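Residue numbers (our numbering), protein chains in the order written: chain A, 28 to 430; chain B, 28 to 430.
A portion of the hints provided could be inaccurate.
Identical copies carry no separate label here, and so any pair may be met within one copy or between two of them.
Taking lysine to any residue and the SDA-like style, the derived pairs with C-alpha atoms no more than 20 Å apart in a straight line are [what the hints assert, rightly or not]:
(1) 135 to 190
(2) 135 to 194
(3) 298 to 219
(4) 135 to 291
(5) 387 to 310
(6) 298 to 375
(7) 110 to 361
(8) 257 to 357
(9) 387 to 306
(10) 387 to 307
(11) 298 to 361
(12) 135 to 185
(13) 135 to 251
(14) 110 to 168
(15) 298 to 319
(16) 160 to 285
(17) 135 to 197
(18) 257 to 161
(19) 387 to 309
(20) 387 to 308
(21) 387 to 367
(22) 298 to 218
(23) 160 to 371
(24) 135 to 187
(25) 110 to 172
(26) 53 to 184
(27) 387 to 319
(28) 257 to 221
(29) 222 to 193
(30) 110 to 191
No wet-lab data here; the hints were simulated from the structure. Every value quoted in this text rests on a predicted model; they were computed, and no experiment measured them.
Number of protein chains: 2
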Amino acid sequence: MSVQQLEQFRETIRNQLDRTVDFWLKYSHDTQYGGFFTCLGRDGQVYDELKYVWLQGRQVGDLYIGVIEFNFLFCAGGAFLRKHARVSNSSGQWKCAFCLTRDGRAVKVQRTIFSECFYILALDELSRVTGDKDMQLEAEQVMAQLVHWVQVDPSGLGRPPLPGDTPTSSMAVPMMLLCLVQQLSEARGPQEALKYQSVGQWCVQQILRHVQRGGTAVLENVSAGGQELKGCQGRLQNPGHALEAGWFLLQYAAQWGQQDLRDTAITQFIKQPFHSGWDVEHGGLFSFLDVDGLCPTQLEWSMKLWWPHCEALVAFLMAYTQTRRPELLESFTQVYNYTFKHFPDEQSGEWFGYLTQDGKVALDFKGGPFKGFFHVPRCLLLCENLLDQLLQKDGTRAGPGPV
Amino acid sequence: MSVQQLEQFRETIRNQLDRTVDFWLKYSHDTQYGGFFTCLGRDGQVYDELKYVWLQGRQVGDLYIGVIEFNFLFCAGGAFLRKHARVSNSSGQWKCAFCLTRDGRAVKVQRTIFSECFYILALDELSRVTGDKDMQLEAEQVMAQLVHWVQVDPSGLGRPPLPGDTPTSSMAVPMMLLCLVQQLSEARGPQEALKYQSVGQWCVQQILRHVQRGGTAVLENVSAGGQELKGCQGRLQNPGHALEAGWFLLQYAAQWGQQDLRDTAITQFIKQPFHSGWDVEHGGLFSFLDVDGLCPTQLEWSMKLWWPHCEALVAFLMAYTQTRRPELLESFTQVYNYTFKHFPDEQSGEWFGYLTQDGKVALDFKGGPFKGFFHVPRCLLLCENLLDQLLQKDGTRAGPGPV
């Protein structure tokens with residue numbers, strides 16, 4: 028792979044990042060009530076005023092990363108979230124809402140941890156920029172609550188225990204927690220990193236338990252004891268999620284100097300899910316697969332969604348940057364070619380999110396209940412940074428280096 | 028349309044009904060624990076042992092309709108449901124589970140009324156066959172609870188009220204209740220019919236409030252006051268659901284001799300949703316549409332699902348049988364041609380449930396979390412009965428007649 032090729036990747040990625048940021052900057056901000064509109068049509072029109080908290084939190088968390096000029100928007104979004112996201116129930120407990128009205132009234136509360144996760148992401152990012160210690164404290168308090176729900180007692184989530192509901196371990200939970208551990212400790216120095224060290228270790232161990240079938244597959248759900256579960260739930264594979272876990276583990280391995288973990292991440296969370304998850308007929312990554320080759324029950328299993336491709340780009344480029352193994356850059360190129368051919372919307376900017384199996388646009392909105400200002404800019408920014416690193420170092424330093 | 032054509036429809040439909048019944052009879056019964064396996068792969072293999080209560084209830088309700096030889100299975104399924112479906116919570120209230128393990132332990136309870144609806148359907152059908160008065164009483168008691176949740180106080184469903192969660196009226200609720208009113212009163216004589224008369228009237232009024240935009244559209248969700256709601260939820264159209272409501276209304280109109288209601292059902296719930304919901308490019312009915320022509324947020328919006336086609340077949344054939352208007356038989360034929368070309372599986376029997384927009388099989392299982400022994404046999408049996416009626420009467424009696 029030539030330097031020119033890497034330069035060309037970088038040029039396209041920088042350009043796409045600019046266009047993506049422009050799109051959200053132009054259409055997303057609610058100047059009347061604060062916060063962000065997340066349901067944006069192909070050309071940026073607001074087709075629903077509901078504000079999804081996952082995306083509010085992610086947007087606040089992401090807007091700032093490397094994009095200093097968004098200071099104003101970013102703070103406005105954070106203020107909206109802090110004012111409205113937390114909802115108390117009659118017994119004095121609280122949860123973050125999943126969805127708010129335009130003016131901030133809670134519409135729906137989920138019985139999972141994810142709204143809280145994105146709330147922490149937003150608070151912590153905002154506290155770093157503003158230096159607001161109170162906000163940082165709140166982020167840490169919510170994190171402590173989250174760790175309690177996950178490791179000690181989930182009853183506060185509001186899901187009554189049922190006799191047939193075997194405790195299961197979904198990979199999403201330790202992944203999200205690990206992401207928050209990185210968030211809460213990075214750029215805050217070794218003191219903060221040590222504070223969350225044991226939670227981070229727990230997350231890594233939990234993620235590794237999803238490698239099943241003698242190391243040949245990452246399964247999305249396992250039993251609380253780390254065994255394969257019966258039925259569809261147990262056989263479910265989510266290639267995009269495995270790839271995302273892969274680069275989370277790469278970051279962690281680089282931070283703590285764990286070369287074995289780096290190699291496990293590359294072999295089992297990046298290369299293997301990519302090879303089994305790639306659609307050899309039409310290209311692109313499947314959304315879900317059944318490890319026994321049965322038909323998944325998720326209606327969108329064969330659709331090509333934007334975010335698994337984002338995760339694959341980051342995973343392969345980070346793995347290549349750490350190891351300089353050429354086959355990793357080849358896989359990156361394969362994903363890159365599919366992604367940039369199919370997802371970006373040349374007409375109106377940003378990316379389409381949902382394609383049919385054979386690569387046609389199936390849903391043309393740019394933002395919706397689960398697509399916002401998150402995966403695309405995070406991927407583009409991380410890839411740009413990695414390419415910067417590769418281009419500056421190319422020819423001067425071989426071998427692995429921290430990301 | 029010739030008599031030969033109707034005979035040919037009837038022959039195909041009878042044949043398909045036999046094959047469908049054979050399939051479920053052969054693969055669905057759990058001889059060890061009772062109840063039915065509902066997750067059946069293309070060739071009938073059980074790919075998950077979870078038992079979804081909607082489908083257990085529907086299967087018990089449907090197995091018997093006109094298929095006397097299933098007495099044994101049918102009772103076994105009913106016994107499993109009665110033994111396991113009801114789950115009590117800590118405050119002494121109960122709900123029906125949404126999903127049970129193979130041996131009947133509750134896995135999940137939804138905060139909606141639908142599991143209870145199918146439980147009533149099963150109990151009532153079973154009580155009719157066995158003459159078990161206690162079972163009939165339980166069906167009526169659960170029905171009373173349901174009416175209370177819907178008309179008086181939904182708090183027992185377990186969804187805490189939230190300030191941004193505007194009360195909305197989903198068409199599914201009065202449709203299900205109307206279906207149960209028919210179930211609980213049909214074949215039990217005028218006395219029983221009178222007992223549920225006011226609930227039935229309420230359901231019809233509620234359903235009619237979903238006709239919006241000056242009569243040009245049926246919208247799936249409206250405000251509690253019967254107004255159009257803002258956003259995606261308010262603009263949502265579900266053509267299959269409107270068509271199903273259409274034939275529910277036709278049955279009701281025939282029972283109570285309401286010719287105006289019959290005409291409203293045909294014009295606004297059958298012809299209009301069919302014309303706006305039909306995919307002129309690829310054929311078949313869309314799953315969801317946005318009344319303003321925006322992109323729905325449901326990932327499967329453009330997929331062709333089996334059940335809207337079932338509902339369209341029944342709706343047009345029933346409307347034709349009641350009115351003998353030729354254009355209704357033409358539309359029936361249009362749906363029939365698409366349906367029987369795309370959905371039945373010639374290889375293994377039963378129907379595929381989920382096609383891509385252009386008619387390829389996207390998911391090949393025969394039973395899953397939402398597809399069971401319900402829409403296909405109900406549709407085929409009703410169509411066969413309607414065709415019997417048409418063929419016997421053809422040439423001897425013109426004009427509308429009760430179904």
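Hints, verified against the model:
Taking the closest pair of Cα atoms, residue 135 and residue 190 come within 20 Å of each other only across two copies (9 Å); inside a single copy the shortest separation is 26 Å, beyond that limit. Taking CA atoms no more than 20 Å apart as the test, residue 135 paired with residue 194 passes between copies only; the shortest distance there is 12 Å, against 24 Å inside one copy. Taking the shortest Cα distances, residue 298 and residue 219 never come within 20 Å of each other, neither inside one copy (32 Å) nor across copies (65 Å). For the identical chains of this complex, residue 135 and residue 291 are neighbours neither inside a copy (39 Å) nor across copies (35 Å), given an alpha-carbon limit of 20 Å.
Taking the shortest alpha-carbon separations for residue 387 and residue 310, both the intra-copy value of 12 Å and the inter-copy value of 18 Å come in at or below 20 Å. Taking the shortest alpha-carbon separations for residue 298 and residue 375, neither the intra-copy value of 34 Å nor the inter-copy value of 37 Å comes in at or below 20 Å. In this assembly of identical chains, the alpha carbons of residue 110 and residue 361 never lie at most 20 Å apart, being 44 Å within a copy and 55 Å across copies at closest. Taking CA atoms no more than 20 Å apart as the test, residue 257 paired with residue 357 passes in neither setting, with 36 Å inside one copy and 48 Å between copies.
Taking the shortest Cα distances, residue 387 and residue 306 sit within 20 Å of each other both inside one copy (14 Å) and across copies (17 Å). In the homo-oligomer, the alpha carbons of residue 387 and residue 307 lie at most 20 Å apart both inside one protomer (16 Å) and across protomers (18 Å), since each shortest distance falls under that limit. In this assembly of identical chains, the alpha carbons of residue 298 and residue 361 lie at most 20 Å apart only when taken from the same copy (13 Å versus 48 Å across copies). With identical chains, the CA atoms of residue 135 and residue 185 are at most 20 Å apart both within one copy (13 Å) and between copies (13 Å).
Within a single copy, residue 135 and residue 251 get their C-alpha atoms only as close as 28 Å, which misses the 20 Å cut-off; across copies the closest is 18 Å, which meets it. In this homomeric assembly, residue 110 and residue 168 come within 20 Å of each other (Cα to Cα) only inside a single copy, at 16 Å, whereas the closest approach across copies is 45 Å. With identical chains, the CA atoms of residue 298 and residue 319 are at most 20 Å apart within one copy only, with a shortest distance of 19 Å there and 44 Å across copies. Neither within a single protomer nor between protomers do residue 160 and residue 285 lie at most 20 Å apart by alpha-carbon distance, with minima of 32 Å and 69 Å respectively.
Taking the shortest Cα distances, residue 135 and residue 197 sit within 20 Å of each other only across copies (16 Å), while inside one copy they are farther apart (22 Å). For the homomeric pair residue 257 and residue 161, neither the shortest alpha-carbon distance inside one copy (46 Å) nor that between copies (37 Å) is at most 20 Å. Taking the closest pair of Cα atoms, residue 387 and residue 309 come within 20 Å of each other both inside a single copy (11 Å) and across two copies (15 Å). Within a single copy, residue 387 and residue 308 get their C-alpha atoms as close as 14 Å, and across copies as close as 15 Å, so both meet the 20 Å cut-off.
In the homo-oligomer, the alpha carbons of residue 387 and residue 367 lie at most 20 Å apart inside one protomer (13 Å), although the nearest pairing across protomers, at 26 Å, exceeds that limit. When the C-alpha separation of residue 298 and residue 218 is checked against a cutoff of 20 Å, the pair qualifies neither within a copy, at 34 Å, nor between copies, at 69 Å. Proximity of residue 160 to residue 371 under the C-alpha cut-off of 20 Å is found in neither arrangement, the shortest distances being 39 Å within a copy and 64 Å between copies. Proximity of residue 135 to residue 187 under the C-alpha cut-off of 20 Å is found in both arrangements, the shortest distances being 18 Å within a copy and 9 Å between copies.
For the homomeric pair residue 110 and residue 172, the shortest alpha-carbon distance inside one copy (19 Å) is at most 20 Å, but the shortest distance between copies (39 Å) is not. Taking identical chains as interchangeable, the C-alpha atoms of residue 53 and residue 184 are never at most 20 Å apart, the minima being 36 Å within one chain and 42 Å between chains. Proximity of residue 387 and residue 319 under a CA criterion of 20 Å is satisfied in neither setting, with 27 Å inside one chain copy and 22 Å between copies. Proximity of residue 257 and residue 221 under a CA criterion of 20 Å is satisfied in neither setting, with 38 Å inside one chain copy and 48 Å between copies.
For a Cα distance limit of 20 Å, the shortest separation of residue 222 from residue 193 qualifies neither inside one copy, at 32 Å, nor across copies, at 43 Å. In this assembly of identical chains, residue 110 and residue 191 lie within 20 Å of each other by CA distance solely across copies; the values are 14 Å between and 38 Å within a copy.
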